[in-house]
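One letter stands for each residue in the lines below.
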Amino acid sequence: GDSVTQMEGPVTLSEEAFLTINCTYTATGYPSLFWYVQYPGEGLQLLLKATKADDKGSNKGFEATYRKETTSFHLEKGSVQVSDSAVYFCALIYNQGGKLIFGQGTELSVKP
Amino acid sequence: ETGVTQTPRHLVMGMTNKKSLKCEQHLGHNAMYWYKQSAKKPLELMFVYNFKEQTENNSVPSRFSPECPNSSHLFLHLHTLQPEDSALYLCASSQGAVAGYTFGSGTRLTVV
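Order-wise, the sequence lines are chains L and U. In terms of our numbering, the numbers along the first sequence are unbroken and rise by one, the last being 112. In terms of our numbering, the numbers along the second sequence are unbroken and rise by one, the last being 112.
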């Protein structure tokens with residue numbers, strides 16, 4: 001079945017370090033892909049999305065490119081801040097509808 | 001303000017109590033969802049409503065009873081819960097697939 005796999009956390013970085021959180025997916029069709037972020041004590045917020053192959057989603061300095069050939073949607077940020085500490089979820093959904101399928105989440109901790 | 005409001009934010013209840021969680025959205029979305037988020041576990045989709053009709057129940061125990069009186073409101077009625085039901089309960093809504101879901105801030109439930 002369709003699924004999303006993320007790299008294991010927690011990921012611990014120093015402030016201003018480069019961030020990559022890996023996400024790969026298994027899908028029978030061509031889904032839209034999302035990154036959600038969950039700050040401590042809060043719900044999930046949509047961070048960025050891409051709806052077709054080679055699209056790049058970006059927001060708040062975060063980027064992710066939809067790579068159909070490697071079925072990946074890795075999240076990157078050039079310089080993380082302490083305020084980026086959160087749990088990040090990769091997800092997919094088919095454009096025709098259906099459920100949003102989440103990865104297991106990756107916790108990021110940024111130290112000053 | 002995420003557009004999806006959940007109340008209460010925190011709830012402590014005994015195993016013999018009856019309580020209800022409320023979710024409200026005024027985004028014009030036609031689908032609403034309940035998720036359970038337990039520590040160290042993936043997000044669990046519990047129920048899905050489309051145009052007020054329940055379209056999915058993921059083998060949720062009957063001590064959880066959803067209600068969707070209209071497309072803007074969703075309730076989760078709770079009775080005779082167990083301590084393992086303690087979790088963050090998240091509500092979400094959506095309109096179409098590619099926009100993704102909008103989440104509320106959640107209700108932190110503790111069963112004592």
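Keep in mind the hints are simulated off the structure, nothing from the lab. No experiment lies behind these values; they were computed from the predicted model shown. Every residue, glycine too, gets a C-beta built ideally from N, C-alpha and C. Incorrect hints may have been included.
Quick list of in silico lysine-lysine cross-link-like pairs, DSSO-like style, CA-CA up to 27 Å [unchecked claim]:
no.: 1; chain 1: L; residue 1: LYS68; chain 2: L; residue 2: LYS56
no.: 2; chain 1: U; residue 1: LYS40; chain 2: U; residue 2: LYS52
no.: 3; chain 1: L; residue 1: LYS77; chain 2: L; residue 2: LYS56
no.: 4; chain 1: U; residue 1: LYS52; chain 2: U; residue 2: LYS19
no.: 5; chain 1: U; residue 1: LYS36; chain 2: U; residue 2: LYS19
no.: 6; chain 1: L; residue 1: LYS99; chain 2: U; residue 2: LYS41
no.: 7; chain 1: L; residue 1: LYS60; chain 2: L; residue 2: LYS111
no.: 8; chain 1: U; residue 1: LYS18; chain 2: U; residue 2: LYS36
no.: 9; chain 1: L; residue 1: LYS111; chain 2: U; residue 2: LYS41
no.: 10; chain 1: U; residue 1: LYS36; chain 2: U; residue 2: LYS22
no.: 11; chain 1: U; residue 1: LYS19; chain 2: U; residue 2: LYS41
no.: 12; chain 1: L; residue 1: LYS111; chain 2: L; residue 2: LYS68
no.: 13; chain 1: U; residue 1: LYS18; chain 2: U; residue 2: LYS52
no.: 14; chain 1: L; residue 1: LYS77; chain 2: L; residue 2: LYS60
no.: 15; chain 1: U; residue 1: LYS52; chain 2: L; residue 2: LYS99
no.: 16; chain 1: L; residue 1: LYS68; chain 2: U; residue 2: LYS52
no.: 17; chain 1: L; residue 1: LYS99; chain 2: L; residue 2: LYS111
no.: 18; chain 1: U; residue 1: LYS19; chain 2: L; residue 2: LYS77
no.: 19; chain 1: L; residue 1: LYS52; chain 2: L; residue 2: LYS111
no.: 20; chain 1: L; residue 1: LYS111; chain 2: U; residue 2: LYS52
no.: 21; chain 1: U; residue 1: LYS52; chain 2: L; residue 2: LYS52
no.: 22; chain 1: L; residue 1: LYS111; chain 2: U; residue 2: LYS22
no.: 23; chain 1: U; residue 1: LYS41; chain 2: L; residue 2: LYS77
no.: 24; chain 1: U; residue 1: LYS22; chain 2: U; residue 2: LYS40
no.: 25; chain 1: U; residue 1: LYS40; chain 2: U; residue 2: LYS19
no.: 26; chain 1: U; residue 1: LYS52; chain 2: U; residue 2: LYS36
no.: 27; chain 1: L; residue 1: LYS68; chain 2: L; residue 2: LYS99
Not the full set, but computed from the structure, chain U residues with beta-carbon under 8 Å of chain L [claimed, not checked]:
no.: 28; residue: MET13
no.: 29; residue: PRO69
no.: 30; residue: GLY106
Now for the hints, and whether the structure bears them out:
no.: 1; hint: L:LYS68 with L:LYS56; in the structure: holds, 12 Å
no.: 2; hint: U:LYS40 with U:LYS52; in the structure: violated, 32 Å
no.: 3; hint: L:LYS77 with L:LYS56; in the structure: holds, 13 Å
no.: 4; hint: U:LYS52 with U:LYS19; in the structure: holds, 21 Å
no.: 5; hint: U:LYS36 with U:LYS19; in the structure: holds, 16 Å
no.: 6; hint: L:LYS99 with U:LYS41; in the structure: holds, 19 Å
no.: 7; hint: L:LYS60 with L:LYS111; in the structure: holds, 19 Å
no.: 8; hint: U:LYS18 with U:LYS36; in the structure: holds, 18 Å
no.: 9; hint: L:LYS111 with U:LYS41; in the structure: holds, 25 Å
no.: 10; hint: U:LYS36 with U:LYS22; in the structure: holds, 14 Å
no.: 11; hint: U:LYS19 with U:LYS41; in the structure: holds, 24 Å
no.: 12; hint: L:LYS111 with L:LYS68; in the structure: violated, 34 Å
no.: 13; hint: U:LYS18 with U:LYS52; in the structure: holds, 23 Å
no.: 14; hint: L:LYS77 with L:LYS60; in the structure: holds, 9 Å
no.: 15; hint: U:LYS52 with L:LYS99; in the structure: holds, 16 Å
no.: 16; hint: L:LYS68 with U:LYS52; in the structure: violated, 35 Å
no.: 17; hint: L:LYS99 with L:LYS111; in the structure: violated, 35 Å
no.: 18; hint: U:LYS19 with L:LYS77; in the structure: violated, 42 Å
no.: 19; hint: L:LYS52 with L:LYS111; in the structure: violated, 35 Å
no.: 20; hint: L:LYS111 with U:LYS52; in the structure: violated, 45 Å
no.: 21; hint: U:LYS52 with L:LYS52; in the structure: violated, 30 Å
no.: 22; hint: L:LYS111 with U:LYS22; in the structure: violated, 36 Å
no.: 23; hint: U:LYS41 with L:LYS77; in the structure: holds, 26 Å
no.: 24; hint: U:LYS22 with U:LYS40; in the structure: holds, 25 Å
no.: 25; hint: U:LYS40 with U:LYS19; in the structure: holds, 25 Å
no.: 26; hint: U:LYS52 with U:LYS36; in the structure: holds, 20 Å
no.: 27; hint: L:LYS68 with L:LYS99; in the structure: holds, 20 Å
no.: 28; hint: MET13; in the structure: violated, 19 Å
no.: 29; hint: PRO69; in the structure: violated, 22 Å
no.: 30; hint: GLY106; in the structure: holds, 5 Å
Violated hints for the displayed structure, listed by number in ascending order: 2, 12, 16, 17, 18, 19, 20, 21, 22, 28 and 29.
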